[in-house]
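Engineer: In the working numbering, each residue carries its 1-based index in the sequence shown increased by 904.
Wrong hints could be hidden among the right ones.
Claimed, not checked - Label-pair distances were calculated between CB atoms; the ranges are:
id, residue 1, residue 2, range
1, Arg915, Arg956, 37 to 43 Å
2, Ser936, Lys911, 51 to 57 Å
3, Glu939, Arg918, 32 to 38 Å
4, His925, Val958, 30 to 36 Å
Keep in mind that the hints were calculated from the coordinates and are not lab data. Don't be surprised by glycine CBs; every beta carbon is placed ideally from N, CA and C.
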Amino acid sequence: MAVQQCKVSKRKVRCRTSANHYQGVQTNRCPSCGEHRLPHRVCPHCGNYRGRQVLTVSTSE
905 MAVQQCKVSK RKVRCRTSAN HYQGVQTNRC PSCGEHRLPH RVCPHCGNYR GRQVLTVSTS
965 E
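Taking the hints into account, I'd like the entire structure generated from these sequences.
Structural biologist: Put into structure tokens, the structure is as follows:
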């Protein structure tokens, strides 16, 4: 049976196990244009934030 050599603190254990829960950057869909964007950020495609036009985005195609 294995016996631990030193006590492992709660902080060390929680830091080690928290790496298993990370799922990368989660994106949301913009309610006005439907494109993916980061949460709590201005949509880079349409320039809206929380239902308001914040940036003017030029569409050069």
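Engineer: Hints first: check each against the structure and report whether it holds.
Structural biologist: How the hints compare with the structure:
For the hinted restraint 37 to 43 Å between Arg915 and Arg956, the CB-CB distance of approximately 42 Å keeps it satisfied. Range check, Ser936 to Lys911: about 54 Å between beta-carbon atoms, so the 51 to 57 Å window is met. Here the CB-CB span from Glu939 to Arg918 is close to 36 Å, well matched to the stated 32 to 38 Å. Between His925 and Val958, the C-beta spacing of about 33 Å keeps the proposed range 30 to 36 Å intact.
Comparing the model with each earlier hint shows no violations; every hint is respected.
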